[in-house]
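K.L.:
Residues per chain, in single letters:
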Amino acid sequence: MQKTSQSSPSRRPDNTAYKQQQLPACRVQLTASRVLLCFFATGLSCLAMGIVLLLSAKGIQEVEINYTETCADCAALRENADNFDKECSCSIPFNIPQAMQGDVYMFYKLYGFYQNLYQYVLSRSNIQLVGTDVKHTDGCDPFATLNGTPIAPCGAIANSMFNDTIILSYNFNSSEDIKVPMLNQGIAWWTDKYVKFQNPSFNDLPSAFEGTVKPPSWSQPAYELDADTPENNGFTNDAFIVWMRTAAFPTFKKLYRRLHRTQHFTEGLPAGSYSLHITYNFPVTKFHGEKSVVLSTLTWSGGSSLFLGLAYTVTGAVTWLAFFSMMAVYVTMEKRI
Amino acid sequence: METKMALNYQGKSQKRSAVEKSINAFLIVYLFILLTKAAVCTTLKYVWQSNPNNDEPWYNQKTQKERETLKVLKMFTDFLSFMVLFNFIIPVSMYVTVEMQKFLGSFFISWDKDFYDEEIHEGALVNTSDLNEELGQVDYVFTDKTGTLTENSMEFIECCIDGHKYRGAAQEAEGLSETDGPLTYFDKADKNREELFLRALCLCHTVETKTNDVVDAATESTELTYISSSPDEIALVKGAKKYGFTFVGNQNGQMKVENQRKEIEVYELLHTLNFDSVRRRMSVIVKNQAGDIILFCKGADSAVFPRVQNHEIELTKAHVERNAMDGYRTLCVAFKEIAPDDYERINRQLIEAKMALQDREEKMERVFDDIETNMNLIGATAVEDRLQDQAAETIEALHAAGLKVWVLTGDKMETAKSTCYACRLFQTNTELLELTTKTIEESERKEDRLHELLIEYRKKLLHDFPKSTRSLKKAWTEHQEYGLIIDGSTLSLILNSSQDSGSHNYKSIFLQICMKCTAVLCCRMAPLQKAQIVRMVKNLKGSPITLSIGDGANDVSMILESHVGIGIKGKEGRQAARNSDYSVPKFKHLKKLLLAHGHLYYVRIAHLVQYFFYKNLCFILPQFLYQFFCGFSQQPLYDAAYLTMYNICFTSLPILAYSLLEQHINIDTLTSDPRLYMKISGNAMLQLGPFLYWTFLAAFEGTVFFFGTYFLFQTSSLEENAKVYGNWTFGTIVFTVLVFTVTLKLALDTRFWTWINHFVIWGSLAFYVFFSFFWGGIIWPFLKQQRMYFVFAQMLSSVSTWLAIILLIFISLFPEILLIVLKNVKRRSARVHHLISSSA
Numbered sequence: 001m002q003k004t005s006q007s008s009p010s011r012r013p014d015n016t017a018y019k020q021q022q023l024p025a026c027r028v029q030l031t032a033s034r035v036l037l038c039f040f041a042t043g044l045s046c047l048a049m050g051i052v053l054l055l056s057a058k059g060i061q062e063v064e065i066n067y068t069e070t071c072a073d074c075a076a077l078r079e080n081a082d083n084f085d086k087e088c089s090c091s092i093p094f095n096i097p098q099a100m101q102g103d104v105y106m107f108y109k110l111y112g113f114y115q116n117l118y119q120y121v122l123s124r125s126n127i128q129l130v131g132t133d134v135k136h137t138d139g140c141d142p143f144a145t146l147n148g149t150p151i152a153p154c155g156a157i158a159n160s161m162f163n164d165t166i167i168l169s170y171n172f173n174s175s176e177d178i179k180v181p182m183l184n185q186g187i188a189w190w191t192d193k194y195v196k197f198q199n200p201s202f203n204d205l206p207s208a209f210e211g212t213v214k215p216p217s218w219s220q221p222a223y224e225l226d227a228d229t230p231e232n233n234g235f236t237n238d239a240f241i242v243w244m245r246t247a248a249f250p251t252f253k254k255l256y257r258r259l260h261r262t263q264h265f266t267e268g269l270p271a272g273s274y275s276l277h278i279t280y281n282f283p284v285t286k287f288h289g290e291k292s293v294v295l296s297t298l299t300w301s302g303g304s305s306l307f308l309g310l311a312y313t314v315t316g317a318v319t320w321l322a323f324f325s326m327m328a329v330y331v332t333m334e335k336r337i
Numbered sequence: 001m002e003t004k005m006a007l008n009y010q011g012k013s014q015k016r017s018a019v020e021k022s023i024n025a026f027l028i029v030y031l032f033i034l035l036t037k038a039a040v041c042t043t044l045k046y047v048w049q050s051n052p053n054n055d056e057p058w059y060n061q062k063t064q065k066e067r068e069t070l071k072v073l074k075m076f077t078d079f080l081s082f083m084v085l086f087n088f089i090i091p092v093s094m095y096v097t098v099e100m101q102k103f104l105g106s107f108f109i110s111w112d113k114d115f116y117d118e119e120i121h122e123g124a125l126v127n128t129s130d131l132n133e134e135l136g137q138v139d140y141v142f143t144d145k146t147g148t149l150t151e152n153s154m155e156f157i158e159c160c161i162d163g164h165k166y167r168g169a170a171q172e173a174e175g176l177s178e179t180d181g182p183l184t185y186f187d188k189a190d191k192n193r194e195e196l197f198l199r200a201l202c203l204c205h206t207v208e209t210k211t212n213d214v215v216d217a218a219t220e221s222t223e224l225t226y227i228s229s230s231p232d233e234i235a236l237v238k239g240a241k242k243y244g245f246t247f248v249g250n251q252n253g254q255m256k257v258e259n260q261r262k263e264i265e266v267y268e269l270l271h272t273l274n275f276d277s278v279r280r281r282m283s284v285i286v287k288n289q290a291g292d293i294i295l296f297c298k299g300a301d302s303a304v305f306p307r308v309q310n311h312e313i314e315l316t317k318a319h320v321e322r323n324a325m326d327g328y329r330t331l332c333v334a335f336k337e338i339a340p341d342d343y344e345r346i347n348r349q350l351i352e353a354k355m356a357l358q359d360r361e362e363k364m365e366r367v368f369d370d371i372e373t374n375m376n377l378i379g380a381t382a383v384e385d386r387l388q389d390q391a392a393e394t395i396e397a398l399h400a401a402g403l404k405v406w407v408l409t410g411d412k413m414e415t416a417k418s419t420c421y422a423c424r425l426f427q428t429n430t431e432l433l434e435l436t437t438k439t440i441e442e443s444e445r446k447e448d449r450l451h452e453l454l455i456e457y458r459k460k461l462l463h464d465f466p467k468s469t470r471s472l473k474k475a476w477t478e479h480q481e482y483g484l485i486i487d488g489s490t491l492s493l494i495l496n497s498s499q500d501s502g503s504h505n506y507k508s509i510f511l512q513i514c515m516k517c518t519a520v521l522c523c524r525m526a527p528l529q530k531a532q533i534v535r536m537v538k539n540l541k542g543s544p545i546t547l548s549i550g551d552g553a554n555d556v557s558m559i560l561e562s563h564v565g566i567g568i569k570g571k572e573g574r575q576a577a578r579n580s581d582y583s584v585p586k587f588k589h590l591k592k593l594l595l596a597h598g599h600l601y602y603v604r605i606a607h608l609v610q611y612f613f614y615k616n617l618c619f620i621l622p623q624f625l626y627q628f629f630c631g632f633s634q635q636p637l638y639d640a641a642y643l644t645m646y647n648i649c650f651t652s653l654p655i656l657a658y659s660l661l662e663q664h665i666n667i668d669t670l671t672s673d674p675r676l677y678m679k680i681s682g683n684a685m686l687q688l689g690p691f692l693y694w695t696f697l698a699a700f701e702g703t704v705f706f707f708g709t710y711f712l713f714q715t716s717s718l719e720e721n722a723k724v725y726g727n728w729t730f731g732t733i734v735f736t737v738l739v740f741t742v743t744l745k746l747a748l749d750t751r752f753w754t755w756i757n758h759f760v761i762w763g764s765l766a767f768y769v770f771f772s773f774f775w776g777g778i779i780w781p782f783l784k785q786q787r788m789y790f791v792f793a794q795m796l797s798s799v800s801t802w803l804a805i806i807l808l809i810f811i812s813l814f815p816e817i818l819l820i821v822l823k824n825v826k827r828r829s830a831r832v833h834h835l836i837s838s839s840a
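Residue numbers (full-length UniProt numbering), protein chains in the order written: chain A, 1 to 337; chain B, 1 to 840.
These are calculated hints, taken from the structure and not from any lab test. A few of these clues could be false.
Calculated lysine-lysine pairs in the BS3-like style (CA-CA distance at most 30 angstroms, straight line) [claimed, not checked]:
#, chain 1, residue 1, chain 2, residue 2
1, A, K335, B, K826
2, B, K459, B, K336
3, B, K113, A, K19
4, B, K65, B, K165
5, B, K238, B, K210
6, A, K19, B, K15
7, B, K538, B, K412
8, A, K179, A, K58
9, A, K193, B, K784
10, B, K62, A, K86
11, B, K71, A, K214
12, B, K165, B, K238
13, A, K109, A, K19
14, B, K438, A, K19
15, A, K214, B, K784
16, A, K19, B, K679
17, B, K591, A, K19
18, B, K113, B, K74
19, B, K71, A, K286
20, A, K109, B, K571
21, A, K19, B, K571
22, B, K354, B, K165
23, A, K135, B, K62
24, B, K74, A, K286
25, A, K286, B, K65
26, A, K135, B, K191
27, B, K62, A, K286
28, B, K241, A, K135
29, B, K102, B, K784
30, B, K65, A, K214
31, B, K191, B, K363
Go ahead and model the full structure; you've got the sequences and the hints to work with.
P.N.:
In structure tokens:
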């Protein structure tokens, strides 16, 4: 009853800032000087950044050796899937005119290999790869089982793993060939190597993989991927992990080895003649693809792409162009007053 | 079903706003884009796969099931998969947001304290939230006069008895010499006639009394409260009371009147011939104590004058006309003595008519017509209805905002006209075009005369306004203004005239005239005629948005008919307020409702709609482009979590906050400068131009996102330690740029930064970053694929990625920034010009 008698004042809308749409607010004030200053500063920093990026990209050295055609015999051999167990290798001499200073990385580069096909990307079993159940092959079609036995590692991605062996030799004093020491570990993401990919927990790897078969395209089972370092085998093999991270585009590079800076190579790769000894296993001509080896140094911004540097420079230039034209308009307007 | 209400009732149809219609149009465009994209991708997929190497490379063999499926079926499923992949281009979440915006936004109207009225202790009421933005799009305002433009608190001002004028209150009619006030009547009529007149006022009405039930028995003078559906009647009864005749009450058909000598006169009420808007008069038949049977009739002059003996009219007529010119509502009072035998007959007829089962209405009308003849005119009354507070300012503001204001009233022309002058609907320089029974004259050649007039007016208007209709609104301020007056009978002549070929022509000419007039006054309108007019204007070329405002039951049909109906919580009950879309206490509130609320709502929702289409297009465009690089295999660019969260979490709240809080122009500025309203008229922000601008902006940004990142990925590695990124990192970079760009674009558009905006915009971005870390930070047991595991964190460990993200955001926003700056310069230079010209 009390309430009804006081109903009239309660109907009055609350006089709060929110309800009256009077919230304190700042309105953006664009004054000419502020805008001009912003444009100038942005243009300047873009230009500076662009130049820095361009300069550092220029310092990078990169060598690419396409061996699809140079190893034509092997390529022809691999066109026929029946010859998968026949060995084929070739050797490609090349020259590095200038020493490659610092860390040198070796990539393999594939052309026209679609690692991003929808079915392909799906075709893997993370439960298997994380070591929980080595026989878990759900979603691995069409490479889930072979005659009823589960494949480990299963799936199209694992099956198509890049399996060429590339050995770089340095022709020292034009007489003696030295094998350039290369590391095949530390090339995958840390989290992949130590969390996402785990071997099944058993005393020794071969027994852990018991009851499974190797993927049809592989020449050796997963636990024999790296004969030299026993711990770099199974699902935690670095090269395997690198391959399992599917590339975004049909032309892609993947890290293969990194230079072990010892002996003659503490400063990087010296200038001189080199040769690549390639065990040619991976068929690319079947799908009209190509493959090559890339040797490259890197800087703080990564690889030798001019794109970022150019983009920054152009953006900076355009911003300055806008700045100067606005300045001109502004000055003439001021004069008129 | 034959009550007045039922007859005037119109089915309530769903009202949809112009913005909603635009949304549907946009949706069709986007649906078309979606279908095209899916069709293009499907076609290209099969073109691409016609090469067997691409169809089934050795590394991606088909399963047995795939090989066995029919090709047609596969094509169909591919098409559907592409539809699913690109379906985000249709902003489904927009509908939810729009509804939320409308629902929450409508509260601001009911919360507005400027709409609060001290007298009735009420503020505005929102009955629908669907039409908020329509308030910003109004082209025509139809307003009722009584109770809307005016207070509808009637005051008895003067009367005239037998042509003698009586004016002034608190004065006894007979007290010529004994009064202390100044001499207020110039001439005096016969005492009997005076008393007869006052008795007529006391008896001829349907007022009921209510004695205040305060049990203060001590005082005899119990307060009498009069209750009636018509404030006029109360004013008249109160007026009579001032002159000494008090209506005490009606008990069992006995009407009691206290006369000047404090005696109670009792009349037996025999019949009441109710008021209706066609007859425009009402009568009562009473029997006094002496047994004489008298009929009292009061009604509009046009309804009464033809029914009285001719020689009495002249003086009174002059009076009535003068009063009407002053804006008073006039009524004429007449009486007739009925001989007992006549009464017998009348009584029989009346009862018969009342009892009739068929055509009762018509029969009653005939009987009434028959009875109310040959009366004697006694006099006329003038009642003032004061203009509402700020009615004139409001009308002026509406005019300045480019709205056409039509006054639709049932009152007589002179009264309405003077009200229109008073509220500045017509100004002194307005040239009036009249289409009334007066100008057309009561002749047989009515239609010909009408035709002549119409042609003449049209010629005049067309001559004055050269063709360009676009500049019409601006032209108003410079050119001669025209006002049109039309009355109900002429209107029905125009609308429903005989079926000859000319009738259609009349209508179109009439509409042409109407469109050129800034103000139109329609008087003597029946309720349904009001709706008829609204419908007529609604169906004009370009379908203008109409708004009706009224307070009484007679305005309901017009309120329902127009796009936006506004009810005034007036004295004639709540009928109008209940049937309206919005109701406000006073007419003056219309100004803020349209100019500020309507404008803001429109800008907000228009921006919201455009923004939603924009953000979904630049969301899905990279995904479409990606199909060209993944063999059209329907590989999604973004992770599933990002796909679902994008519209729900990452980009929804900033736009909602914007669409509730944005004030691109101050509310005060909006109300004080009505011309701003013109800027958004005609659904300006959702026309093809702005739509294309937004679409191209989205296409540009989507392209920048995709190809910017694509070129970035051409390098060997983005990290100094040569770690290589995969497709999910690519998608995540594109997505990060996308979320930031889209949100910052909104930030650029926001002119009114409250803490809520800050919180929501920066909060959304922070949430995105937080979520991405979280989503990639755990091996989720329920997920088959741990594709996002540490992708985001790893991505951020690269300097190049940071630089690229920042650059791409900047490039995407650069055109927008440039545009904002240019607009500012333009506005500034316009202001400078203005300053120069004004100082010169």
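K.L.:
For the pair we were handed, B:K62 and A:K286, check the Cα-Cα distance against 30 angstroms.
P.N.:
16 angstroms, holds
K.L.:
Would the hint linking A:K19 and B:K679 be met if the CA-CA limit is 30 angstroms?
P.N.:
At roughly 26 angstroms apart (the allowed maximum being 30 angstroms), B:K679 and A:K19 satisfy the hint.
K.L.:
Given the hinted pair B:K238 and B:K210, is their Cα-Cα distance within 30 angstroms?
P.N.:
14 angstroms, holds
K.L.:
Do the alpha carbons of B:K65 and A:K214 lie within 30 angstroms of each other, as the hint requires?
P.N.:
Given pair B:K65, A:K214 holds - Cα atoms ~24 angstroms apart, limit 30 angstroms.
K.L.:
For a C-alpha distance cap of 30 angstroms, please report whether B:K591 and A:K19 respect it.
P.N.:
19 angstroms, holds
K.L.:
Given the proposed pairing of A:K135 with B:K191, does the C-alpha separation stay at or below 30 angstroms?
P.N.:
119 angstroms, violated
K.L.:
Taking 30 angstroms as the top limit, are the C-alpha atoms of B:K74 and A:K286 close enough?
P.N.:
Holds, at roughly 25 angstroms.
K.L.:
Measure nothing beyond the straight line between the CA atoms of B:K113 and A:K19; if it is 30 angstroms or shorter, mark the hint as holding.
P.N.:
Answer holds: B:K113 to A:K19 is near 9 angstroms, not above 30 angstroms.
K.L.:
Would the hint linking A:K109 and B:K571 be met if the CA-CA limit is 30 angstroms?
P.N.:
85 angstroms, violated
K.L.:
Does the structure keep B:K102 and B:K784 at a Cα separation of 30 angstroms or less?
P.N.:
41 angstroms, violated
K.L.:
Between B:K538 and B:K412, does the CA-CA distance stay at or below 30 angstroms?
P.N.:
25 angstroms, holds
K.L.:
CA of B:K65 to CA of B:K165, is that 30 angstroms or under?
P.N.:
104 angstroms, violated
In summary, the structure is inconsistent with hints 2, 4, 11, 13, 14, 18, 20, 22, 26, 28, 29, 31 from the numbered list given earlier, while agreeing with the others.
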